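Student: As they're listed, the protein sequences go chains A and B.
So for the first sequence, numbering that gives the first Met the number 0 puts the first residue at 0; every next one is plus one.
So for the second sequence, numbering that gives the first Met the number 0 puts the first residue at 0; every next one is plus one.
In short, the hints are calculated from the structure, not lab data.
Some hints could be false.
[Unchecked claim] Below, simulated DSS-like cross-link-like pairs (lysine-lysine); rule was C-alpha separation at most 30 Å, straight line:
#, chain 1, residue 1, chain 2, residue 2
1, A, K11, B, K80
2, A, K20, B, K203
3, A, K10, B, K193
Since the model is a prediction, treat every value here as computed from it, not as a measurement.
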Amino acid sequence: MVTEKLRQIIKKVAPDFDLEKLGPQTDLRADLGMDSLAMMLVSMEIEDAFGFHFDAPVDFKTVGDVLEFLKNDKGLTD
Amino acid sequence: MKTHTIIVDTQGSDKGPSSVIKGACQALDKFADLRLCLTGDRSVIEACLAENGADTGRVYIIDAPEIITNYDHPVAALNQKRNSSLVKALTELRNNPDCEGLVNAGSTGALLAGSVMFLSKPGERTRPALAAVLPAEAGGFTCLVDTGANIDCTPAMLVQFAHQGSDFMRRLYRLEKPRVGLLSNGAEETKGNKLVKETHQILKSEAGLNFIGNIEGTNALSGDCDVLVCDGFAGNQVLKNSEGIARRIITDIVRYAKKTGEPKFMELAGHLMAMYDFNSLGGGIVLGVPKPVIKAHGAANEASIVNTIGMLLNLAENRDIYKEE
Chain A
0 MVTEKLRQII KKVAPDFDLE KLGPQTDLRA DLGMDSLAMM LVSMEIEDAF
50 GFHFDAPVDF KTVGDVLEFL KNDKGLTD
Chain B
0 MKTHTIIVDT QGSDKGPSSV IKGACQALDK FADLRLCLTG DRSVIEACLA
50 ENGADTGRVY IIDAPEIITN YDHPVAALNQ KRNSSLVKAL TELRNNPDCE
100 GLVNAGSTGA LLAGSVMFLS KPGERTRPAL AAVLPAEAGG FTCLVDTGAN
150 IDCTPAMLVQ FAHQGSDFMR RLYRLEKPRV GLLSNGAEET KGNKLVKETH
200 QILKSEAGLN FIGNIEGTNA LSGDCDVLVC DGFAGNQVLK NSEGIARRII
250 TDIVRYAKKT GEPKFMELAG HLMAMYDFNS LGGGIVLGVP KPVIKAHGAA
300 NEASIVNTIG MLLNLAENRD IYKEE
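Chain A extracted, bound-state conformation (with noise of 0.2 Å):
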């Protein structure tokens, strides 16, 4: 579910990836191409999609480190 939904975020904002190459390595800069925007508009999604606010902009360097943040400060996991 979790995954799920990134997946659906990721493919919102970055709608040129092919989701089939995904993974916890992807690294959100590198290989999806993102600018500090983009970054922008993923962490706004991730907080309407999973109903928390950010204290900070964020800056994760993987969909890994997107996941592993929240499971262990959000408790969400699939």
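Starting from the structure of chain A, add chain B where the hints point.
Tutor: This is chain B only, laid out in the frame that chain A set:
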């Protein structure tokens, strides 16, 4: 008379707040239906309004002493500088239904990020683009999008810009099917870099667009298309090169006028200056957000601020541009 309330962020400009406030005062003189909300340092604004003899009955101030600069990280600054003039301006635009638009001459990144963060509703957020509406050789206008908000683009982003620009021109100028061109180094569809070639193939079959093909740089302002799509790097070059070439030609005409003592050449230079100087053209329009937001040139002078406010009044009078269909 119905009045239109426009918010002017007085801080962040290269020339400091006094130039922006002076421009705002001149706009009050020029547009009788204008009401202004000025955000920034109250003491500076009040002093400048008094100095310029402004009609303060049509002005209200939101005190916001903090400034978001070009050196700040845009998203971090929007979160941390809650008393900045930009955050206060965006909050007022979002919360006050009487406010019909915002002018800002500061950090482009912060304005773009802030426009999405404060104005767009959840589920409706899209990546914003920065458009310039330029006078076309054939008459009418061409909307150049993107002009610098999105430097590295993907085909999907250019397709989104095509839709945003097309919607904007259709609603603003009542064009039934705005002609959309793609900036390239040749008119043939085989021309272009990887991004342009891939985008061309998508645009060819994209529903809801009147795609007319590639447009070369020489025809960027010819009027061959109503919307010219490109990545922000190329668009910024088109814009700045056009400014530079226009300035060069006007300077040459002025020199020639001085050399020959022929007043008609000086008159011509003045006419061209009024048409092509960036200060005469207003600012870049943020597309993809639900209320009008315009980025004035960082080095905008008073005249540019007046013209940018004039653009916003025009958008305010055509409010259906921002309504959902």
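Student: Can you list which hints this structure breaks, lowest number first?
Tutor: none
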